[in-house]
Each structure stands twice: as C-alpha cells, then as structure tokens.
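K.L.:
Make the full structure from the sequences, and use the hints.
Protein sequences, first through last, are from chains D and G.
Under this note's numbering, residue 157 is the last one in the first sequence; the count climbs by one each step, no gaps.
Under this note's numbering, residue 157 is the last one in the second sequence; the count climbs by one each step, no gaps.
By construction, these hints were calculated from the structure, which means they are not laboratory data.
It cannot be assumed that every hint is accurate.
[Stated by the list, open to error] Derived lysine-lysine pairs resembling DSS-like cross-links, with alpha carbons at most 27 Å apart:
(1) D:Lys4 - G:Lys130
(2) D:Lys36 - G:Lys98
(3) G:Lys98 - D:Lys120
(4) G:Lys152 - D:Lys130
(5) G:Lys33 - G:Lys4
[What the hints assert, rightly or not] The calculated label-pair distances, taken between Cβ atoms and stated as ranges, are:
(6) G:Lys154 - D:Leu124: 27 to 35 Å
(7) D:Asp35 - G:Ala150: 22 to 30 Å
(8) G:Gly74 - D:Lys4: 41 to 49 Å
(9) D:Met151 - G:Leu156: 43 to 51 Å
(10) G:Ala150 - D:Lys130: 26 to 34 Å
(11) G:Lys154 - D:Arg149: 44 to 52 Å
[To be verified] Example chain G residues on the side facing chain D (calculated, C-beta under 8 Å, incomplete):
(12) Lys4
(13) Val12
(14) Val57
(15) Gln68
(16) Lys98
(17) Tyr100
(18) Ile111
(19) Arg137
(20) Trp148
(21) Asn155
All figures in this text were calculated on a predicted structure; none of them were measured in a lab.
The beta-carbon is built from N, C-alpha and C at its ideal position, and this holds for glycine as well.
Take a look at the letters that make up each chain.
2 protein chains.
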Amino acid sequence: MTRKEQFMYEAVCVGLEGMRAGLGGPFGCVVVKDDKIIGKGCNSVLRDNDPTAHAEVVAIRDACRNLQSFQLEGCEVYATCEPCPMCMGALYWARPQKVYYASTRADAADIGFDDAFIYKEISLPVDARKIAMTCVRCDEAIRMFEEWRAMKHKNLY
Amino acid sequence: MTRKEQFMYEAVCVGLEGMRAGLGGPFGCVVVKDDKIIGKGCNSVLRDNDPTAHAEVVAIRDACRNLQSFQLEGCEVYATCEPCPMCMGALYWARPQKVYYASTRADAADIGFDDAFIYKEISLPVDARKIAMTCVRCDEAIRMFEEWRAMKHKNLY
Chain D
1 MTRKEQFMYE
11 AVCVGLEGMR
21 AGLGGPFGCV
31 VVKDDKIIGK
41 GCNSVLRDND
51 PTAHAEVVAI
61 RDACRNLQSF
71 QLEGCEVYAT
81 CEPCPMCMGA
91 LYWARPQKVY
101 YASTRADAAD
111 IGFDDAFIYK
121 EISLPVDARK
131 IAMTCVRCDE
141 AIRMFEEWRA
151 MKHKNLY
Chain G
1 MTRKEQFMYE
11 AVCVGLEGMR
21 AGLGGPFGCV
31 VVKDDKIIGK
41 GCNSVLRDND
51 PTAHAEVVAI
61 RDACRNLQSF
71 QLEGCEVYAT
81 CEPCPMCMGA
91 LYWARPQKVY
101 YASTRADAAD
111 IGFDDAFIYK
121 EISLPVDARK
131 IAMTCVRCDE
141 AIRMFEEWRA
151 MKHKNLY
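P.N.:
As structure tokens, then:
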C-alpha cells in the first residue's frame with residue numbers, strides 16, 4: 001500500500017465502524033498532518049440527529065479542536081467519498097492543503113445518496129431553487145455589518 | 001413589523017450578541033416552527049475554533065437537537081445573510097420548508113466575507129479547483145457501499 005492508500009484505508013475503517021454501529025451512512029474521513037492522523041469522523045447523522053454530521057464535517061471539527069485552530073493549514077483530508085456541496089464548502093472554510101477521496105458522487109448516487117441534486121440546486125439562481133429562498137430586507141442586518149466593519153481589534157477568519 | 005420581519009429581527013439580535021461577545025462574525029439565524037423559535041445560532045467560528053460553526057449550521061443543529069430529528073420538516077429558517085455554499089448544503093440536507101435571508105452575498109463580500117469565491121469553485125470540475133482534490137481509488141471504500149446496500153433494517157436519511 002502507498003502512503004495515501006494507507007490513510008484512505010484508515011478513513012474506511014472509521015466509516016465502517018460507524019456504519020456498523022448505526023451512527024449513520026457508509027462514510028468516513030481522517031485529517032492528516034505531518035504524517036499523523038489528527039482528526040477523524042464518521043457519518044453520525046442518525047445517532048446525533050444532526051443533518052450536518054457528515055464524516056468530513058465531523059473530522060474537520062475534531063481536527064480543529066485538536067489543533068485549537070479554525071484552519072487546517074498544511075493538512076491533508078482523506079474522505080471515503082467525494083464530498084457533497086456542504087462538505088465541500090466546509091473544506092473551503094477550513095482550507096486544508098489537499099483533499100483525497102475514494103468513491104465518487106456517481107458511486108454514492110448508486111446507493112441512494114443523491115448529492116448531484118444539491119450540486120445542481122446550488123448553481124441555480126436563488127429564486128429558481130426547490131427550497132424557496134426569499135430575501136427579506138432588514139435595516140438592522142445591514143447595520144450589524146456596518147458595526148462589524150467599524151470594530152477595531154477583531155479577529156478575521 | 002410583519003411576522004417575517006419580526007423573526008428576522010430576532011435573528012439579528014442573536015447575531016449581534018455573538019458578534020459583540022467575540023464568538024464570531026456578524027451573522028445570526030433562527031429556526032421557526034408553528035410560529036415559535038425552536039432553534040437559534042450565531043456565528044461561533046472564533047470561540048469554538050470550528051470553521052463549520054456558521055450561524056445557520058449552529059441553528060440547524062440546535063433545532064434538530066430540540067426536535068430530536070435530523071429533518072426540519074415544516075420549519076422556516078431566518079438567516080441574517082444569504083447562506084454560503086456550506087450552509088446551503090446543510091439546509092438541503094435538513095430540508096426546511098422555507099428559507100428567508102436579509103443581507104445578500106454582495107453585502108457580505110463588501111465587508112470581506114467572500115462566499116462568491118466558494119460558489120464559483122463548487123461549480124468547477126473537481127480537477128480545476130483551487131484546493132487540490134484527487135481521487136484515490138480504494139476497493140474497501142466500494143465494499144463499504146456494498147455492505148450498506150445489503151444491510152437490512154437500516155434507517156435512510
């Protein structure tokens with residue numbers, strides 16, 4: 001096994017354990033830094049009643065907690081399946097160096113996980129989406145942005 | 001104030017409180033069911049060292065915990081800003097009935113939160129993205145999907 005295959009195998013083991021324990025679907029993820037696993041997660045949607053508890057999100061949160069940082073600088077992420085749009089967004093905010101995945105979104109669709117639908121929706125204009133999204137203008141919301149802009153000594157992220 | 005403006009104002013209050021306490025950026029969110037707020041959240045990226053702790057994700061998790069369900073059936077979500085791709089994905093998995101937002105992604109970009117970049121990246125083919133994403137084929141990952149398919153009595157989500 002190559003190094004990458006080894007870490008991907010570890011991600012599969014995390015996913016299998018969670019799936020067999022009924023935590024959620026067949027997905028696992030590990031975060032690696034300096035050749036060590038510093039975070040891991042399996043899909044835990046069912047156990048946690050948390051639709052955001054995808055393997056990647058759980059692993060990112062675990063790794064960030066361990067690093068005490070909201071950035072995964074210099075890290076590699078190994079996900080057993082191509083990330084869905086939510087996880088892709090989470091990865092962009094976490095900014096790891098590289099992402100490796102094994103199964104593809106087509107493989108996932110084949111067992112009933114239809115990320116393709118969300119990929120399509122996310123590219124549509126807001127008013128053409130299946131979940132109705134409506135803008136409600138709110139002066140206080142704009143004022144909150146202005147207060148943020150005017151704040152000194154704020155942490156940027 | 002209309003009913004919608006009232007709930008949006010509540011979302012702003014949640015966001016303001018978090019921002020002023022240094023938890024994270026200027027974003028708030030409430031989840032409403034049967035005219036009652038059943039979940040809320042502010043951006044808590046800085047306090048929690050969690051890049052996924054956007055207001056919508058925090059509010060979805062809170063509402064789901066309170067409902068003891070991984071679905072927000074019949075719920076409305078009020079977010080003080082147009083959801084980023086991660087939060088959009090999270091909303092699709094949570095499946096609320098409606099989403100309302102106040103400020104737009106253009107307003108957010110104007111104070112330095114560049115969701116547009118992620119929106120663009122997410123529409124690109126995997127190999128054209130800024131964060132390198134590489135497929136590492138793995139037989140065990142495919143076998144995990146087959147084991148899931150063959151499982152009886154599994155919960156679907």
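K.L.:
Hint by hint, note whether the structure agrees.
P.N.:
Cross-check of the supplied hints:
The hinted pair formed by lysine 4 of chain D and lysine 130 of chain G meets the criterion: a straight-line CA distance of about 20 Å does not exceed 27 Å. Restraint check for lysine 36 of chain D and lysine 98 of chain G: the C-alpha separation of about 43 Å exceeds 27 Å, so the hint is violated. A threshold of 27 Å between alpha carbons decides the hint, and for lysine 98 of chain G with lysine 120 of chain D the separation of about 18 Å falls inside it, so the pair holds. A hinted pair counts as satisfied when its Cα atoms are at most 27 Å apart, and lysine 152 of chain G with lysine 130 of chain D does not qualify at roughly 31 Å.
With a C-alpha separation of about 13 Å, the suggested pair lysine 33 of chain G and lysine 4 of chain G falls inside the 27 Å cut-off, and the hint holds. About 31 Å separates the C-beta atoms of lysine 154 of chain G and leucine 124 of chain D, a value consistent with the hinted range of 27 to 35 Å. Between aspartate 35 of chain D and alanine 150 of chain G the C-beta distance comes to about 35 Å, which lies outside the given range of 22 to 30 Å. For glycine 74 of chain G paired with lysine 4 of chain D, a C-beta distance near 44 Å keeps the hint of 41 to 49 Å intact.
The beta-carbon spacing between methionine 151 of chain D and leucine 156 of chain G, approximately 45 Å, falls within the hinted interval of 43 to 51 Å. Remark: the range hint 26 to 34 Å for alanine 150 of chain G to lysine 130 of chain D is upheld by a beta-carbon distance near 31 Å. One distance hint, 44 to 52 Å for the beta-carbon pair lysine 154 of chain G and arginine 149 of chain D, holds here, with the actual separation near 49 Å. With its C-beta approaching chain D no nearer than about 5 Å, lysine 4 of chain G sits inside the 8 Å limit, and its interface hint holds.
Taking 8 Å as the C-beta cut-off, the interface hint given for valine 12 of chain G holds, the closest approach to chain D being about 4 Å. With a least beta-carbon distance of about 5 Å to chain D, the hint placing valine 57 of chain G at the interface is held under the 8 Å criterion. With 8 Å as the threshold, the beta carbon of glutamine 68 of chain G comes within range of chain D, its nearest partner Cβ sitting at about 6 Å, so the hint holds. The interface hint given for lysine 98 of chain G holds, since its Cβ lies 5 Å from the closest Cβ of chain D, which is under the 8 Å cut-off.
The interface hint given for tyrosine 100 of chain G is met, as the beta carbon of that residue sits about 5 Å from the closest beta carbon of chain D, less than 8 Å. A least Cβ separation of about 5 Å between isoleucine 111 of chain G and chain D falls short of the 8 Å threshold, and the interface hint therefore holds. A distance limit of 8 Å between C-beta atoms decides the matter here; for arginine 137 of chain G the minimum to chain D is near 6 Å, and the interface restraint holds. For tryptophan 148 of chain G, the shortest C-beta to C-beta distance to chain D is roughly 4 Å, which falls under 8 Å, so the interface hint holds.
At its closest, the beta carbon of asparagine 155 of chain G sits 5 Å from a beta carbon of chain D; the interface hint therefore holds under the 8 Å criterion.
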